[in-house]
Amino acid sequence: MTMRSLPRVLAAALAVAVVVAILSIKLNTFQDYQIAEIAVEVTAVAGLTVLTGLSGQISLGNGAFMAIGAYTTALVLLHLGWPFIAVLVVAAAVTAVAGAIVGVAAARLHGPYLAGATLMLGVALPSLAYAYPGVFGGDQGLNVVFTTPAFLGVNFPPTRWQAWVSSAVALVTLVLLANLSRSRVGRNWRAVRDDEVAAALAGVNVARARIRAFVVSATCAGMAGALLAIVTGLVAPGAFTITLSIALLTAAVIGGLGTLPGAVWGSLVIVLVPTYATDVATSHGLSTAVASNIPVAAYGVVLILVMLIFPQGIQGGLRWLLGLLGISSARTWHPASLPGARSPAGDAPASQHEALLTRGGDPPEPHKKEGTQ
Amino acid sequence: MKRSQRLRMPAIAVGAAAALAVAACSTSGSTPGSGGSASAALTASAPGITATTITVGSHQPLTGPAAPGYSEIAPASAAYFAYVNAHGGVYGRKIAYKYLDDAYNPSTTASVVRQLVLQDNVYALFNGLGTPTHLAAVSFLNTQKVPDVFVASGCDCWDQPSTYPDTFGYQLDYIREGKILGQYVAKHFAGKKIAYFYQDDEFGMDGVKGLDYEIPHSMVVSRQTYVPTNVNIGPQVAALRASGAQEVVAFTIPAFTALLKLYGLKVGYSPTLVVSNVGADPITLSGLLETYAKQGGATVNGNQLTAGIITDGYLPTLGAASNSWITLFKKVHDQYDAKAPFDGNVLYGEAVAYAFVQAMLKAGRNPTRADLVSAINSGLPQGPLVAPYAYATTNHAGATGAYIGVIKNGVIAEEGPVLTTDASASGSVTTSTGTLQQAPSSGVPAP
Chain A
1 MTMRSLPRVL AAALAVAVVV AILSIKLNTF QDYQIAEIAV EVTAVAGLTV LTGLSGQISL
61 GNGAFMAIGA YTTALVLLHL GWPFIAVLVV AAAVTAVAGA IVGVAAARLH GPYLAGATLM
121 LGVALPSLAY AYPGVFGGDQ GLNVVFTTPA FLGVNFPPTR WQAWVSSAVA LVTLVLLANL
181 SRSRVGRNWR AVRDDEVAAA LAGVNVARAR IRAFVVSATC AGMAGALLAI VTGLVAPGAF
241 TITLSIALLT AAVIGGLGTL PGAVWGSLVI VLVPTYATDV ATSHGLSTAV ASNIPVAAYG
301 VVLILVMLIF PQGIQGGLRW LLGLLGISSA RTWHPASLPG ARSPAGDAPA SQHEALLTRG
361 GDPPEPHKKE GTQ
Chain B
374 MKRSQRLRMP AIAVGAAAAL AVAACSTSGS TPGSGGSASA ALTASAPGIT ATTITVGSHQ
434 PLTGPAAPGY SEIAPASAAY FAYVNAHGGV YGRKIAYKYL DDAYNPSTTA SVVRQLVLQD
494 NVYALFNGLG TPTHLAAVSF LNTQKVPDVF VASGCDCWDQ PSTYPDTFGY QLDYIREGKI
554 LGQYVAKHFA GKKIAYFYQD DEFGMDGVKG LDYEIPHSMV VSRQTYVPTN VNIGPQVAAL
614 RASGAQEVVA FTIPAFTALL KLYGLKVGYS PTLVVSNVGA DPITLSGLLE TYAKQGGATV
674 NGNQLTAGII TDGYLPTLGA ASNSWITLFK KVHDQYDAKA PFDGNVLYGE AVAYAFVQAM
734 LKAGRNPTRA DLVSAINSGL PQGPLVAPYA YATTNHAGAT GAYIGVIKNG VIAEEGPVLT
794 TDASASGSVT TSTGTLQQAP SSGVPAP
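Chains as they are written, first to last, in our numbering: chain A, 1 to 373; chain B, 374 to 820.
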C-alpha cells in the first residue's frame, strides 16, 4: 500500500529529467561534466543498493564490474565502431554474464566470506589489463572517442551531451529498478534477505533469487562503466582500484541502503563534497599541506555525521524530517525503525520491510531476531 | 536499546541538512572566470591570460600513496613562480598557479583537469604528475587545444606529436634512462651476474626496455617485479639472492628502493644497487630507510645504507653547492618554500617552473595557446638541465641525457661525463659534447 505506483515513478523520473535538462543548459560546461559524473555514480550505486539493501548481499567488487563494462565499451567502440546505444547493450550483457558467474559463487557465501570473495574480484580483475597489454592497453589503457551528434551543431558542448546521455541511462535504470523491486522478483529478494529458511519454505528459490540480484547489480555497474568510459574518454586500470568499489558502497550507505532516491543523494555527496571542499580550501589561502587534506577530512566528517544523525542514510533522514513537518503522507519514522532498536518481527508493521525501497531502511540481519524478541 | 536518545538530535540533523544544501548550492553557483578585459599594451590574448595574470593549472598527488615526496613538487614550482612574479613577472604579467589534488587516481584527474579547463579557464596545463593519471587527461587537453606542457612523468608516451600535438614531456624518459644506466652496467660490470627489479607497469617496463637495449641478455640472471600496493617483497628478494646476482638494477619508486635494501639486509644480501633517478633521491631514501627500519624495531643510519647506490641525474646534483643553478634554486627555496626540505623533488619543481617561464617568454608578449606550443616546437635553451631538450616539431620528448652518479654521504656525486641518447633500439649512448649553461644572475630567464 505504501509502494510507489509505476505512474508515480515515471512522473518523478520525467520531472528529474526536465530539471537535469534545464540545469545542464544553465550551468557551465564543467558542471555539465559533474552532472555526467553524478549520473555514472547513480547508475552504479542504484544497482549496489538493490543488491545490498534488498537482497542482503554485500559486494566490494562492483568496481570490477564497472571495469568490465568500461573495457567492453572501449573495445567495441575501437574495433567495431557501433553506435553507443548498441555498445551499452553489449556492455550490459557482458557484465550480466560476469555477474551471473560471480553470483553463483556468491549465492553460497554470506557476510564476511561474501565480502572477502567480492573484494578479491575487485582487486584482481582490473590487474588483467596489465597481464594482457596487447588487448587492454596495459597501464595506458584504451582511448574512447565519443562524438557529439552532428544535428546539435559544432558548438554544442560535448560535456552537455555526455550529461544528457548519462542522465538518461541513469533515469531509465532507476525506473526499471523501482519497477523490479515492486515485482515478484523484488519481493523474493526481501523474503530471502529477511529469512532464507522461511523464504525457501514459502517456495522461493533462494539461490536463484540471490544470483538474480547479483546479475541485476552487475548489469547496472556495467552500464555505469560504459558511461564512465565515454565521459572520461579513457579506460585504464588505475580508475578501477578497490577505492572505487568502496566509494560505491559508501555512497549507497550515506544515501540510505536499499533506497533508490538514496542512491541519488549518496552520489551527490560523493561527487560534490570533495570538489566543493577543494574550492573552499584553496580559496582561503591555506598552506598546501592543510588545504590538500581538507576535502578528505570533509568527506570523513560528512560520513560520520550522516551515520550518527541519520543511521538510515540521507533518504531515511529526509523521510523523518518530512514526517516531522507533517509533509509526507503521514509516514512516521519512529525509534523502532532505527537499526539497533528494530522491533521483533512479530510486532513490526507488515509494511515496514515492504516499504524499504521508498522509505529508507537497512537490511535486517535475519539471525538476530531471536535476540531482540 | 539506547538508540532512542538519538532522537534528541533533531537540531543537529536540521543543521547538517542545511549545511549540505548550502554546499550543493554553492557548488553549482560559482563560475570564477578569468578572461578579463583588454588593456593598452597587454591584452587578454587567450583563455587564462589577462593584462595582469597568466593562470596555469595542474593535477598533483597532494594526498594518497604517491604524495610522500611528490607533494613537494607543486609548491616548489609555485615558489619559483612567486620569485618570477616578484622580479617583473612574464612581460609584466604574474603567474597564478592553481594545482588540484587528484590523489593519484585517474578518475579524479579526469575530473579536476576538466574543472581547470572548463571552469577555471587555465591558459595551459603545466607539469601534470603521473603516467596513469595524466593519461586520463591527455586526449581531453588535446581536443580542447590546451597546451599540456612538461608532464611530470618519464613515460615516452608524451612524445607523440602527431596524436598529441599540444603535449610535451619534460624529464629524461625511462627508455633513455634505461639505456644510459644499461650502458654503464654493461661496461663496468662485464662478466658479472646482473638482475632486474622493477615496478610492474609502464614505468618499470620502459626502463627495462632501455636496459635490454644495452645489457646482453646472457648477463641477466633474474627479472623480478613488484606492484606498488604490495609491500611484501620478501619472495622477490629471495629469488634475487638465489640467482646469485652481484648487481641489481632497480626501476623502483623510493619506497621500494628502501624496501629492496632492507629486505636484502635481512637475508644478508647486499648487491650493488643501480637505481633509476625517480627512486634514488638520497634525502627521501634515507628518511624512508630510517622510518621503515624503526617500524621493524631496528635503528639504521639512512646515509650509510644509501652509500654506494649508483643512479643518474639530468639536473645538477644537490651536492654541487657552487653550481649556479643550485645556488639560485636554493635561494628561491629559502625565501618562498622554506618549510620543505631542499631535496630532489623541490629542485625538480623549481627547474620545471623555470622551463615554463622560458617557454612563456618565447611565446611572445600577447600569446595565444598555439603560440606557446609553437614556441616549444622550435626548441628551448637547455637551462638547468645537463643535456639539451629534444623539443622540435616532430619530437616532444624533454631531456635527452644524464650523468651517472654515486650516492656518497647523502648526496649524489657525479661520476663520469654527461651521456646522451635517443629512445630507439639502435641509437647509441654517446658522451655529450654540449656545454652546461649558467643560471642568469637575475634568476629569471632572458626573454
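Derived by calculation from the structure, the hints in this document are not laboratory data.
Honestly, I wouldn't trust all of these hints.
As the list claims (entries may be wrong) - Straight-line C-alpha distance at most 30 Å; calculated DSS-like pairs for lysine-lysine:
(1) B/Lys781 to B/Lys639
(2) B/Lys639 to B/Lys471
(3) A/Lys26 to B/Lys667
(4) B/Lys735 to B/Lys781
(5) B/Lys781 to B/Lys582
(6) B/Lys471 to A/Lys26
Against the structure, the hints:
1. B/Lys781 to B/Lys639: 23 Å, holds
2. B/Lys639 to B/Lys471: Judged against 30 Å, a Cα distance of about 44 Å means the pair is violated.
3. A/Lys26 to B/Lys667: Given that 30 Å is the threshold and the Cα spacing comes to 56 Å, the pair is violated.
4. B/Lys735 to B/Lys781: Roughly 39 Å between the alpha carbons, so the hint for B/Lys735 and B/Lys781 is violated.
5. B/Lys781 to B/Lys582: It holds: about 28 Å lies between the C-alpha atoms, which stays within 30 Å.
6. B/Lys471 to A/Lys26: 26 Å, holds
Checked against the numbered hints given earlier, this structure breaks hints 2, 3, 4; the rest are met.
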